[in-house]
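> Residue numbers (our numbering), protein chains in the order written: chain A, -2 to 282; chain C, -2 to 282; chain W, -2 to 282; chain D, -2 to 282.
Note that these hints are calculated values from the structure, not bench results.
Please note that a few of the clues may not be correct.
For identical chains, the list gives no copy identity; a pair is met inside one copy or between any two copies.
[Claimed, not checked] Below, in silico cross-link-like pairs of lysine-lysine (DSSO-like), each with a Cα-Cα straight-line distance of 27 Å or less:
#1 95 with 186
#2 95 with 237
#3 18 with 237
#4 18 with 254
#5 186 with 254
Now for the letters of each chain:
Protein chains: 4
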Amino acid sequence: MPASIQLSECSYGKTGVRLVKVERHGARHEMKDLRVEIQFFGAFDAAYSEGDNRLILPTDTMKNTVYVLAGQAAIGEIEYFGMRLANHFLERNAQLAKVRISIVEKLWQAIGCNGRPQDSFRLLGSELRTAVVEDNRSETSIRAGVADLAVLKTSRSAFANFLRDEYTTLRETQDRLLSSNVSAQWSYKSLGQDAATTWQAVRCVLLDVFAAHESRSVQHTLYAMGRAVLDRFACIDEIKLSMPNRHCQLVDLSPFKMENPNEVFVPIDEPSGLIEAVLQRCASE
Amino acid sequence: MPASIQLSECSYGKTGVRLVKVERHGARHEMKDLRVEIQFFGAFDAAYSEGDNRLILPTDTMKNTVYVLAGQAAIGEIEYFGMRLANHFLERNAQLAKVRISIVEKLWQAIGCNGRPQDSFRLLGSELRTAVVEDNRSETSIRAGVADLAVLKTSRSAFANFLRDEYTTLRETQDRLLSSNVSAQWSYKSLGQDAATTWQAVRCVLLDVFAAHESRSVQHTLYAMGRAVLDRFACIDEIKLSMPNRHCQLVDLSPFKMENPNEVFVPIDEPSGLIEAVLQRCASE
Amino acid sequence: MPASIQLSECSYGKTGVRLVKVERHGARHEMKDLRVEIQFFGAFDAAYSEGDNRLILPTDTMKNTVYVLAGQAAIGEIEYFGMRLANHFLERNAQLAKVRISIVEKLWQAIGCNGRPQDSFRLLGSELRTAVVEDNRSETSIRAGVADLAVLKTSRSAFANFLRDEYTTLRETQDRLLSSNVSAQWSYKSLGQDAATTWQAVRCVLLDVFAAHESRSVQHTLYAMGRAVLDRFACIDEIKLSMPNRHCQLVDLSPFKMENPNEVFVPIDEPSGLIEAVLQRCASE
Amino acid sequence: MPASIQLSECSYGKTGVRLVKVERHGARHEMKDLRVEIQFFGAFDAAYSEGDNRLILPTDTMKNTVYVLAGQAAIGEIEYFGMRLANHFLERNAQLAKVRISIVEKLWQAIGCNGRPQDSFRLLGSELRTAVVEDNRSETSIRAGVADLAVLKTSRSAFANFLRDEYTTLRETQDRLLSSNVSAQWSYKSLGQDAATTWQAVRCVLLDVFAAHESRSVQHTLYAMGRAVLDRFACIDEIKLSMPNRHCQLVDLSPFKMENPNEVFVPIDEPSGLIEAVLQRCASE
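Chain A with its partners taken away, still in its complex shape:
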């Protein structure tokens, strides 16, 4: 009998659901700027193999639901909005085994207003706040994060005593530029009503450790950043960090009879290093 074919994984959903919500408290406005992604997992095999759509809620309905829930109440922090969306879909869709809600928030700041209405904003930066909520009916995981947090150190960054082989030409250095676009995602063991405060505090720890660290490598600094978050936040039990090493090459000015005492660099986008790790809190023994 011939081998047959099975659907070993499947999912479908909507990506890029963009949403600006304005919340007006008299002359003081607040705004949120989100991009939401919804992904459904479950027993949809007949939709794939037979074209039977009876268990397929349209992705257009997912999109509508985002706007409906945004209209029904204040968005609040994105971790909570993700949970509301996940609950909504699971409660009404018995066919779902799991739902994943991913939200990316652009951060805006009110423009100083000197007594004027507070109704004007500027984009705060290129960095993004993220949240991923995954619910499989028995467990809810909540990961908060930051993406594209661009940082650079101009000293106290070394890379030496590394492994060498016949194709190694890199020189050891005690003093290189270290530039990265940090992405971090941390998992909450428990999350209370303070998602905003915690997010701000974690972001500050990440920046602060990056700035304070006497770095022997990107790996070393990444670990110190993750460790500090786990050390200081009992509510977090895991953190994933991803730190590209965006190289800045020292320019060789010797053809022009000039020295370059670690001052003039060419930042390059490609190639770049890519350093990743997950740090976990172990159960106490």
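Based on the hints, put chains C, W and D in the right spot on chain A.
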């Protein structure tokens, strides 16, 4: 005793190693245009936790190695080049548990030359050929693929009889535009010397089934495409397909007293559907 | 008396009006995929200085108009569609001094269909066809073009005998890689009903001359390409070419005791050269 | 006699010259992150038409020169660095009629350091500072600017009393969201040693007027912003503003029996309005 912290996953490597190789056979030249990524997995904990770099081969050396291997012999198909790189790193680095090589190839075509030297090329399209080789010393997995293969059907694409809830406003349709940027990655049970021929043949099957299919949904067409690949290629035992549904909305011309008999559409980038699945060949029973 | 302030230039319009038009001839379909930009020039000063919108046709109406005209008749070639749009706006808007319509077309190709309906397409490449129509009521200029035409020569490309100063380190070469993303825009002295044929023919000449040329520099090749177009197409009286020089650096393999006989290169995106020129046909004397 | 062909415009140069300069004052470091473009204009016809490179300074030398000048002295403000580069090239290259230096600066901020060395930075935002210096040997023009300054108003933004035609469906509004990515470039009649202070002050005026304005249209707000700059800075005699109107569409929640009192919006990237103007100071009469 307090909880301690462990590194549950870690990896590092180089991304964006770009390479153009010209192979000259008299007046007939061939060229390859690749972007290579190398990722190392293994017991590097001390590098992270202690800043001990003694087991860290620099990512700069990974980059050099790509150029050395490219210079030593013809590149050949990217699946083989990925295997050469994976072998090279595993043989010389006992500290590695696993290595992953990911290669993306841009496709160029010789410009018709009427007896001239064949030394001029144009980029064939926006689609990319991909290969991922993963070797953990006991198993080598080879996945070939295509990315960003933009396709569009102007008829024989329906979406009806789907699940509805109170937030569903989508109308059933027998005749919508179906536009996608197909990504597919297939795993070879065995791969002989015909990686190029097989890649071309799989790509043709994907396009051909997309064009021929009487689609009831993106899920339905995705499955048909994957199934056809498994049916026709005994050397492939798994295929992952990812097909965004890039919506084309029918423009409402009724305010202008005009009909729009399925002719004028607005393609939109966001939001989009995202449909994914993995199809596997089951062991014969 | 104090200096006052004037509006020395102003314009407004709509950009990114995307449009897919399907034209159905029985089982044989055709499709166009356009992005249209409309820009109005004229005496709108009061809109700027006073907030008086009485002469401001909304950009939303410009967008609607694109869809209406697309629905009324076959799109045809983009040069003609641009002229229809320009005429439409000028005829109905006495306040306009000039209108500019810019259209970018993505190129799709029918997937081979073996007797099936011809209703499925794949994107042909990353290159784009462009048209810009400008009408100031006394003159209509029509520029057709191509953008992002990626080409690469692997021999017969030199750069030598150039000017040197104390900061010049570049070596002379008789044999470098020459890689560019050609953009060209040519102006029609007169344009008949053959915009499609002419566009194809000009594109072929550009590619053919690029491939055939014994290049002494990008400037030299750019000129040869433009000159050939003016020589062969009496209906064209001007062509602008823009050719970045996307450097491919020869990799230095000498640290590894290897030669690199012009085979292994690193293509880099930044920095790049940028070479531009406009060639015109002079009036005969 | 047949028509001949002339080169009516030509230029060449280097784009994407990236530079990070670190200036170390003991434990307090400063950094600049620039992308420089150099463009040469002059009588290079023989390079194009004959492949005669004798008057062509390689673009590679332009790049080297940027690094040499960056190494010789503090960069200072980008307007001054642009002037140094322009002077350098004009003085040494008699063949040049004009040179244009364009610089884009990414803005970084020191991470708060509590007594630590100030050697760590984070990218301040997505907005960019720009400068363009053009020198044709008889005149030097200096334009400073800001690009990608993303702003949004949640009230006091109307669009009404506009021109309507048969294809107008837009409703009048007294209260829409107004979102834009402002680009502004202003020309200095004279520029002293205070380029940094002036740039900061102009940027503040632009933000402040955007926030304070009772907007009747993007045109109206753009004009108010430009006018305020000319009113307050006697050293500036012209300003060009470019403001896309990045539409935020009110979501229709009526199918779900909900109101949407100007709260839930979909921001869209395409299509967008594009409003531009140049304001000039007239000579006093």
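> Taking the hints in turn, state whether each one holds.
Hints, verified against the model:
When the C-alpha separation of residue 95 and residue 186 is checked against a cutoff of 27 Å, the pair qualifies only within one copy, where the shortest distance is 19 Å, while the shortest distance between copies is 30 Å. Within a single copy, residue 95 and residue 237 get their C-alpha atoms as close as 22 Å, and across copies as close as 20 Å, so both meet the 27 Å cut-off. In this assembly of identical chains, the alpha carbons of residue 18 and residue 237 never lie at most 27 Å apart, being 30 Å within a copy and 32 Å across copies at closest. Taking identical chains as interchangeable, the C-alpha atoms of residue 18 and residue 254 lie at most 27 Å apart only when they sit on different chains, with a minimum of 19 Å there against 59 Å within one chain.
In this homomeric assembly, residue 186 and residue 254 never come within 27 Å of each other (Cα to Cα): the closest approach is 59 Å inside a single copy and 38 Å across copies.
The structure fails to meet hints 3, 5 from the earlier list, while all remaining hints are met.
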